[in-house]
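Position chain B against the provided structure of chain A, taking the given hints into account.
Chains as they are written, first to last, in this note's numbering: chain A, 2 to 94; chain B, 93 to 571.
Honestly, the hints are just simulated from the structure, not real lab data.
It is possible that part of the hints are untrue.
Each pair of labels, with its calculated beta carbon distance range [what the hints assert, rightly or not]: (1) LYS53/A x GLY497/B: 51 to 59 Å; (2) ASP68/A x THR462/B: 36 to 44 Å; (3) GLY93/A x ASN233/B: 53 to 61 Å; (4) ASN408/B x ARG52/A: 16 to 24 Å; (5) ASN408/B x GLU56/A: 33 to 41 Å; (6) ARG52/A x LYS288/B: 19 to 27 Å; (7) GLU467/B x SER7/A: 43 to 51 Å; (8) GLY497/B x ASP30/A: 27 to 35 Å; (9) GLY93/A x ASN389/B: 44 to 52 Å; (10) ASP85/A x ASP301/B: 53 to 61 Å; (11) LYS244/B x ARG52/A: 51 to 59 Å; (12) SER7/A x LYS244/B: 37 to 45 Å; (13) ASP301/B x VAL34/A: 14 to 22 Å.
Counterexamples of contact, computed for chain A against chain B with all Cβ distances above 12 Å [to be verified]: (14) ILE25; (15) LYS51; (16) SER84.
No more than 25 Å apart at the CA atoms, straight line, and that leaves these computed lysine-lysine pairs for DSS-like [stated by the list, open to error]: (17) LYS448/B x LYS92/A; (18) LYS28/A x LYS496/B; (19) LYS11/A x LYS436/B; (20) LYS512/B x LYS11/A; (21) LYS28/A x LYS470/B.
Beta carbons: idealized from backbone N, C-alpha and C, even for Gly.
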Amino acid sequence: MLPLDSIILKNGRVPWRIIEGEAILVKVDSGEVIHLNEVAAEIWRIIDGKRKISEIVDHIQKDFDVDREQAEKDTLEFIKSLSDINLVTEKGK
Amino acid sequence: MTKPLQIKIAGLCAEIQAENNPARTYLRSKLRNFLSGQKGIDLNIEIDRNEASLSNQSMPHLSFARGKFRILPDKNPAVSLGIIDPGARRCKICDFDDKSKLLHSVLLCFALFLEKSGGIILHASAAYKNGDGYLFPGPANAGKSTILKQIKNYSPFAEEWVAVKKTGNDFFMWSIPHQNAQNKKKNIQKIFFPKKAKTLKSKRLRPQDAAKRLLANCLFSTMHPETVGGVLDRVAELAQRVSCYELEFPLNVRLDKEIEQTEFLRKKKKPQEKMNGTEGSDLSALHESLILTWECNLHCLHCRPYLPPNGTLSFNDVKKHLDSLAKKGTLFLHLTGGEPLVHKNFWKIVSSASQKNFALILHTNGTLITPKVGERLKHFNFLQVSLTVLGGNARTHDSLTGVKGSFEKTIHALKIMKEKGLDVVLSTTKLSDNQEEIPGMERLAKNNGVPLKIIPYQTPNKGEFKEFNRCYQKNLQRS
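Okay, chain B solo, but in the shape it has when bound:
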């Protein structure tokens, strides 16, 4: 009886016997390069003398019990194909006649070992340039291998599986032992989720969205509920620390520029302490609205009866809100109401918001806009002014606003602001009373060379209004 074949993934201590079994010979050739470059990794994989064969396309998978993992064939859990003991860092697996199945079993062993030592394995391709690594995780046919062919200035690193582990403050990637690729670790700079498409487009992903996608491409996430906890934490941290993008790309287009973008230096430390009040900010707070007052100089039928009494923010309250929104990372600030221009400190508020570098958008009925007001709006860098109209002509508009002459004033405001070079849009609320006016308002917008935004709104009936008002007042008191 001969000794079982031992593969010790431990620096220079590799001993792989030459055998005639093609799967084993293949494994040996794949492991040779990897082993010669590794130090300090200590995992024993024994390949049993018992040959196993799995039918069809099924691949070995793992089950967990009493601190150990068993390798099982897909459809017959009664047959054990091997055992992995992460605590003892020992694995024993059957000798498969099919090299891909043998390699997959080795991958499972390696993944478990890595999981125990704080890493993860991602279903991803990867490339590198000057020691910097770029990851492309994705399911089959997402374009993982294709992308490697379309980035000429980067060297391929791995095509199918990548090991990721944090060292110090940075995340590094390695190739998997039996894959024929570079084995020196690379510092992960960016992660792109590839998607084949007709046009080239990339967009930054929020960490929480990127984490979900990483998890979906993580070897363990779908296989072993017992190990998900640790993997989840690592995936969340990886998504937080490394910029993640979705990259839609057509075939036969060079992608180097997309990958590179404008990054040219690597940060030594996170600049959290220097963010000047924007720490903790994320893209979810990019657009926010601030209702300065519920007071209004019009009496719109769909709005006026529902406005709470005494609903005006003091200047000090507004300042507190501005500070808090700036900290949250809000950039586009919508000033709205009621009618925001009736707030007695409107210009003081605008000046304060402008100093805090908000991009301001004003939602107004326009009736208080004079050439002087237009000039001041221009001075304070308003990105856009949205004017509310409720009808396509004075008759319908004025009947809904309850103020005669309001239509004329709003259209006059539109002309003033266009003259001042401000970006203006007309905005309307779709009510049961003005549905037939939509084409008229579209014509009005077109004739004045501005877009029309339609806000769908269902006018509440009296019962619904009472309930709405009761809840609103309760919340107001609570806050």
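Here chain A stands alone, though its shape is the one from the complex:
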């Protein structure tokens, strides 16, 4: 699992759009289209190469009906799944 103070960067080869609150991502290399639900889309939207993961968790906790522990767990799990399929990388790694 990534540390909470790490900063995450989007893969620049992934065009995306938020439509009706949900996100559609395209992996150009494989042509694969990925659909993210509302919460995942919000996390994806605010990954900007500047915010730490802990700040993303703050944002999610503020915006969604969830306690800190759950927001942290879900955000870390989701960012890991993005990282596993090369949609994000950790800054400086």
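Relative to chain A, chain B alone:
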């Protein structure tokens, strides 16, 4: 003479007399649980002493006149089986000998009451998990009940009818009074329209399509034109706020994962203000084309004579279009022409589009593609490059493009882009002059390991062309 039986759906004030009539006893048992959990609902249903019997399979239905609804048998509108006064929240119905007909009449009363207080009744089954509700609307035999058996981690909520009402910003579902199910309201998270099929498949529905389907399964929509207006608004809002899907499913397959997908948190508020320019977007604008210029370095017989003069967008105009398309929610942007690569600001445009996160598709004749151009296309994340061919060999292709050597250049471009790892397709326009070339072009595509897209096109005759050109020029001036 005994008093009529009174059913008051009002919190703890339920008084249902025990009777020998099996229909009434059944109703009483069904209502007991519901009533004990309800507060603040105030609807009186009186069941008349007069017993009515309806023949065959006909079910009671409603007619509307002078602010009141009458319950009528299907085939004999002269006989009234009851009256519902939504204004006074009072209903009086006959005592049917058939329990299903009595229950249906109660359902009609409840539906009217709910309609008056801002709700709707859907022909749907429903399930819940941790306070979250999932709706499965559909006509008979769509798989409403079957689906409940195939989701093990969710508790069944209702099998036939579900009441839906908005409270605050959320939509909630309840069971219907006389149905033997949970009566605590659940927050509706998703709506699935079930369809029995051989393979498992789900797809997200656009709100406007989902609204139509909801309406088709709404108790009132087909029955009472007078109430459709209010119901229509609620259905439209429900489809807008709740994610709706079509779920095709085979029998005996667990569907929990399909229902759950990846949703794990509930939104406190709509993120409209944070969409960064994508508000109002919907899936209808997902693919859009941008004609950068009408200019072209080839002279194709089917195209060249029809191109308007001076048809090139300035970089500033393109930027405005890009902003507007990004706002609309366009993701797949087709850059086309004329020949888009002859636009003097082509790379500036591509860079700008790339920064705005479009997935780019280039439609080109390929004659201007060099290894350096191929490299830059790769750099800018082009999702696909579509190369136009008009014939299966140089002779036919060049005769239609009007430029000798164009076939060779296009095929050279294909090879460059394949080497760079770009996704390439060959695309052709079916003309009266190249119909016999289709097998040759199919072979060409196959030999180069790429697909061939055929665009059907009827070459206009001279008269049609004149009319087309006149309309086009008029529109151009207007815009």
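These are the hints, each one checked on the structure:
Separation of LYS53/A from GLY497/B is about 57 Å and conforms to the stated range, judged on CB atoms against 51 to 59 Å. For ASP68/A paired with THR462/B, a C-beta distance near 58 Å fails the hint of 36 to 44 Å. Checked against the hint of 53 to 61 Å, the C-beta distance between GLY93/A and ASN233/B comes to roughly 59 Å, which is consistent with it. ASN408/B and ARG52/A have their C-beta atoms about 33 Å apart, which leaves the hinted 16 to 24 Å range violated.
A C-beta distance of roughly 36 Å is found between ASN408/B and GLU56/A, which places it inside the suggested range of 33 to 41 Å. Restraint check, ARG52/A to LYS288/B: a C-beta distance of roughly 46 Å breaks the suggested window 19 to 27 Å. Take GLU467/B and SER7/A: their Cβ atoms lie about 33 Å apart, and the range 43 to 51 Å is violated. A beta carbon spacing of about 33 Å between GLY497/B and ASP30/A agrees with the range 27 to 35 Å that was offered as a hint.
Separation of GLY93/A from ASN389/B is about 46 Å and conforms to the stated range, judged on CB atoms against 44 to 52 Å. Under the hint 53 to 61 Å, the C-beta atoms of ASP85/A and ASP301/B, about 34 Å apart, miss the expected range. Checked against the hint of 51 to 59 Å, the pair LYS244/B and ARG52/A fails, with Cβ atoms roughly 39 Å apart. The beta-carbon spacing between SER7/A and LYS244/B, approximately 38 Å, falls within the hinted interval of 37 to 45 Å.
For ASP301/B and VAL34/A, the hinted distance range of 14 to 22 Å is satisfied, since their beta carbons lie about 20 Å from each other. The non-interface label for ILE25/A is inconsistent with chain B: the shortest C-beta to C-beta separation is roughly 6 Å, within 12 Å. At roughly 15 Å from the closest C-beta of chain B, the C-beta of LYS51/A stays outside 12 Å, upholding its exclusion from the interface. At roughly 16 Å, the least C-beta separation between SER84/A and chain B is larger than 12 Å, which holds for a residue marked as non-interface.
Of the supplied pair hints, the one linking LYS448/B and LYS92/A holds, its CA atoms being roughly 22 Å apart against a limit of 25 Å. Distance restraint check for LYS28/A and LYS496/B: the Cα-Cα separation of roughly 38 Å exceeds the 25 Å cut-off, and the hinted pair is therefore not satisfied. This hinted pair does not check out: LYS11/A and LYS436/B have alpha carbons roughly 31 Å apart, beyond 25 Å. Only pairs whose Cα atoms come within 25 Å are accepted, and LYS512/B paired with LYS11/A is accepted, the gap being roughly 23 Å.
Of the pairs offered as hints, the one joining LYS28/A and LYS470/B holds, with about 13 Å between alpha carbons and a cut-off of 25 Å not exceeded.
The structure does not agree with the numbered hints 2, 4, 6, 7, 10, 11, 14, 18, 19 stated previously, though it agrees with the rest.
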